[in-house]
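Required output: the full structure, derived from the provided sequences and hints.
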Amino acid sequence: EQVPAAVLEHLERLALVDFGDTEGVRRLREAVRFAERLREVDTDGVEPMDSVLEDRCLYLREDDVTEGNCTKELLKNAREKIEEYFVAPPGNIPLPKLEERETFEQQS
Amino acid sequence: GQPLGVLDGIPVAVKDNFNTAGIETTCASNMLKGYISPYNATVVQKLLDQGAVLLGKTNLDEFAMGSGSTDGVFGPVRNPWSYSRQYKEKNPPKSHSENEDSEWVITGGSSGGSAAAVSSFTCFAALGSDTGGSTRNPAAHCGVVGLKPTYGLISRHGLIPLVNSMDVPGILTRCVDDAAVVLGLLAGHDPKDSTTIQDTFKPFELPDSIDIRKLCIGIPKEYQVPGLSSEIQALWSEVAELFKDAGAKVIEVSLPHTPYSIVCYHVLCTAEVASNMARFDGLEYGHRADMKQSTESMYAATRREGFNDVVRGRILAGNYFLLKENYENYFVKAQKVRRLIANDFVKVFGSAVDILLTPTTLSDAAPYVEFIKEDNRTRSAQDDILTQAANMAGLPAISVPAALSKRGLPLGLQFIGRSFQEKQLLSVAKWFEKQVKFPVIQLEDMKRHDCSVFQHQKSVSSL
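Residue numbers (this note's numbering), protein chains in the order written: chain A, -2 to 105; chain B, 496 to 958.
No lab work stands behind these hints: they were computed from the structure. There's no promise every hint is true.
Claimed, not checked - Covered stretches of chain B, going by a simulated chain A footprint (3 or more residues, C-beta under 8 Å):
| # | segment |
| --- | --- |
| 1 | 527 to 539 |
| 2 | 649 to 657 |
| 3 | 688 to 697 |
| 4 | 759 to 768 |
| 5 | 778 to 786 |
| 6 | 800 to 807 |
Unchecked claim - Below 25 Å or equal to it, Euclidean Cα-Cα: the simulated DSS-like pairs (lysine-lysine) are:
| # | chain 1 | residue 1 | chain 2 | residue 2 |
| --- | --- | --- | --- | --- |
| 7 | A | Lys78 | B | Lys583 |
| 8 | B | Lys687 | A | Lys73 |
| 9 | A | Lys78 | B | Lys528 |
| 10 | B | Lys901 | B | Lys583 |
| 11 | B | Lys697 | B | Lys687 |
| 12 | B | Lys583 | A | Lys69 |
Unchecked claim - Calculated Cβ distances over 10 Å to all of chain B for the following chain A residues:
| # | residue |
| --- | --- |
| 13 | Ala2 |
| 14 | Thr19 |
| 15 | Thr40 |
| 16 | Asp47 |
| 17 | Ser48 |
| 18 | Asp60 |
| 19 | Asp61 |
| 20 | Val62 |
| 21 | Gly65 |
| 22 | Ile79 |
| 23 | Glu81 |
All C-beta atoms in this analysis are idealised placements derived from N, C-alpha and C, irrespective of residue type, glycine included.
Right, here's the structure in full:
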């Protein structure tokens, strides 16, 4: 069962991770095939389970600021920063289209 | 002066997916190489508050994805038993010219480094994590005790998440009593982790003897999976007899949805991973690619460079299952199957069964050269089969060393208990441990050409 190329491209865009090569695509196909087994289970009338703790009321704290003031510490781990800002390349630029970038299809 | 606590001066090791303030935390991934945690995970803080000495961070499969501890950027972890007299006696090198190093076996995973550290006497206890069996699997292969606590008992704050609804910190020690001690220090509500329950936790000491005749042990028939080695099969039966002879009620039970646990896990895990790994974009911490064209292309390049194939594969699969057209059929479906799996356990524990007894792994540890012949997903699917369901249902489970295999390697057996009934679980495990008297690993003096082993492990410890 083929996963259409359009879906593969869509996934790469959503995940911002590429398949790398045909091996990556094969891996996905295997993963999907493996998951098909779920169809064998009769789940009529069964509610999905989000958490094993669903019967409990979990702790929520008061919406008060109790810690922080650690800007310097947190910025230490960032590669590119200016004053107290993390620096990112320009946004709102979509990833180049399939034809314009090297993908698994072109490599193989 | 006064001792800081029970663990004052006691050496411990921590799996490298727990944040440790001022110390590099890598998750064995290029994505976090050089990342210095700004804070301690709650469980790490608790150990340090008791005066424990952190010897180092231990190696793992990248981002805890794997069942061999072979897929991290620092290389594979070697099982200390590979260098034991017990193993060497049963596996003499076939010729003088053959590389003596080619027969070493894996630790299992993903908490292989932690298990190896405890097994080789380099520390008293180690922290691992357990999402599908990652603490119990290497515990079984390395001949140590591996405890997976009930989900919600121990704080996950500071544990870099894999699957938020299944992850728990795991405890690795050489004996059950030690595990109880460490559990006592770590368990309890943490306001920083709202998935920890608010019930007050009372640390306990394990009784030296228990009345086995009051116990009902369940043997789930679905755990008799194809691929289970005849040795483990026989050991499992022998131990069931052991309990029966001691007066316990030992009955066969059924957990009918067990065969679907791995598939269910596969979908839920990849879906949660797709979400959890989204935070790694190079902006605030970790690796950052030298790409300046756009935010998205920088993210894409960073993630391509930072993650290995296993991680990327799971992210892509997870995103597939979460696509609008697939969401109901895969993700929600898996959540429904999860409920069925959890209900299987509820039914069995509701019918007067106290503890379940199952194998932990399919066989003893495989040689590294054999293990890497199959890919990570295949191996994980095979190796997690016996441990995974406990994570689905959030139940406590413990692997206890039971015997040595024909090849001189450890075999462990698993006990699964009721939610939050760690005291009962550990009491039974301790009783069992006493009956079995598992042999101590006999590590010979390391010869000069075996020093390469230590080079791997030195690169992980950051102290």
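Problem set entry | Hint check against the structure, violated hint numbers in rising order | 2, 7, 12, 15, 16, 17
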